[in-house]
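If you want the building blocks of each chain, they are given just below.
There are 2 protein chains.
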Amino acid sequence: MNKIKDSVQQVKAFAPATCANIAVGFDILGFAFDKLGDYVTLKKRDDQKIVIESIISEETLPFTTQQNTASLVIEKLCQELSLDIGFSIVIEKGIPLCSGMGGSAASAVAALVAFNHFLKEPLSLHELARFALMGEQQASGAAHPDNIVPCLFGGFTLTYSQNPMKVIQLPIPKLYCVLLHPHMHVSTRSARDVLKSEIALKDYVKQSAHLASFIAALYEQDDNLLSQALVDDLIEPQRAQFVPNFYKIKEAALQAGALGMSFSGSGPALFAFAKTEQAAQAIGQAMQKPLQEKQIESNYWVAPISKNAAHVVFEGE
Amino acid sequence: MNKIKDSVQQVKAFAPATCANIAVGFDILGFAFDKLGDYVTLKKRDDQKIVIESIISEETLPFTTQQNTASLVIEKLCQELSLDIGFSIVIEKGIPLCSGMGGSAASAVAALVAFNHFLKEPLSLHELARFALMGEQQASGAAHPDNIVPCLFGGFTLTYSQNPMKVIQLPIPKLYCVLLHPHMHVSTRSARDVLKSEIALKDYVKQSAHLASFIAALYEQDDNLLSQALVDDLIEPQRAQFVPNFYKIKEAALQAGALGMSFSGSGPALFAFAKTEQAAQAIGQAMQKPLQEKQIESNYWVAPISKNAAHVVFEGE
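Taken in order, these protein sequences are the chains called A and B.
Position one of the first sequence corresponds to residue 1 (our numbering), numbered consecutively onward.
Position one of the second sequence corresponds to residue 1 (our numbering), numbered consecutively onward.
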């Protein structure tokens, strides 16, 4: 227990939604979007149990510790640091489940960031990322860092090595993001299973040119180049089937002024970039129409790409 | 003939050697290395013939117009611009043939840059690149821009679209380059034929992380990151067979302080980066030893990565 601050009794942390892949950076790029996110509160207990006290969500979440990413990562962390401590956990889900906006990562990251605040010697973001990966392993069947990293670090991130975890914080473009959520479920697992395990070398060359010029565009702050680069010829065509009228939605977004549009993570959520907030609103509305034609409801959020990472919002004695 | 300056009778241009691919940017990245290069002199003729007057080279080069990249691109250009003009061409080859240092590109580019100097309204570099591609098609059986672009633009280049040609000039790292030439031939065709036409998606993800972090390293001027990123898990393993003791050479380079080492283009030439000129000299010597063990002679050049593109060196009336 001497690793834990005695004065702190409860901590609440926020973790933003995240958009992984960003068309050109399959499994390596992502950014944070703090217009929505999850809150996790940890309250010290007298016993040494990890207990989920409540989950505030419009959807049903697994209540058992081993299936919930927030409690799972806290258990792992207590084990690894040999801490005899118990917590009651309150989870407030702001991010819809299985939406492709990093919901499972956000719950795990919020829990970790809250927990870190209890420690006398807090862990580095890289160390926290390692524990959050265990939660992703649980949630999606694979330890992918693409949501965890932007959630923990904020802004635009490039994960250039997973083991050991190495992250580059890229320049944040001065753009607005539309994040649109079609009200339908696509599991990360099925979105992964659909992908071919091989790609043609010539497609690799084309896609790597998109990626390299996108990174250059971020540094050059060149919106036109960013827009030209924001093309996914590899993954997007294989996943377009999951969202009815996908190409109509994309066309509508581009017509309304989007600099690019693609899946957020493995979907069904979609992101688009815009130069102004006004344009972003118009793009969001335009993207909803082709979904309405298919009787699919949706909602969207508009915000600048956020440099805000997950953070503590409340500490109680 | 009214498109041509009357006053100019002959023009000599230099085009640098180039290193394509740079481990992480197969077919899209390259840089110029002006310690060696080709010179092409164009002399106006009274008739309308394109004639190779002489080729100064230690090796045998095709003398017929249709097989020589320098004369080929001049013919194409005259056709396209409907110019009734003839030239005698003198080619001075500084770049060894089939070495992977952009020799065929350099001859074509030097010819084009010299030719452009005759025009009252010179063509843009992008337009010249299109003609140089025709020469590459002739020389290697495929129209690859990876040597042409750094040769024409200088410095570090990213070709992010080939048709239409679009080029980004990347920041030039403050490093020295060792360019080592093992005295053996590898044809571009056979170096291409050995490549598998498909790659695994998981290898794509890893290699794309190397590429993205390399681009970031150039902008961040971060030599350590550049060194970590300079890894080719895709192409290099398939081509290592062409250079005896390849992995020993690589190990020797890294031991001697190289930030990275791989093939220049499709080889057999090899490049390495070093922080100082002294280190670069030591790296060059270290790389020669494993080749000597296999009775392969070699030579190397050391120079900073050059921002100098192909350029006119002499104009005569």
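Please keep in mind that the hints were generated in silico from the structure rather than gathered at the bench.
Hints are supplied without guarantee of correctness; some may be wrong.
[Unchecked claim] Just the calculated beta-carbon pair ranges, DEER-fashion:
{"id": "1", "chain 1": "B", "residue 1": "190", "chain 2": "A", "residue 2": "293", "range": "50 to 58 Å"}
{"id": "2", "chain 1": "A", "residue 1": "238", "chain 2": "B", "residue 2": "293", "range": "44 to 52 Å"}
{"id": "3", "chain 1": "A", "residue 1": "200", "chain 2": "B", "residue 2": "190", "range": "14 to 22 Å"}
[To be verified] A short, non-exhaustive set of chain B residues, derived as facing chain A with CB atoms under 7 Å:
{"id": "4", "residue": "39"}
{"id": "5", "residue": "199"}
{"id": "6", "residue": "200"}
Every residue, glycine too, gets a C-beta built ideally from N, C-alpha and C.
Inset, instruction - Hint by hint, work out which the structure violates, then give me just those numbers in ascending order. - result: 4
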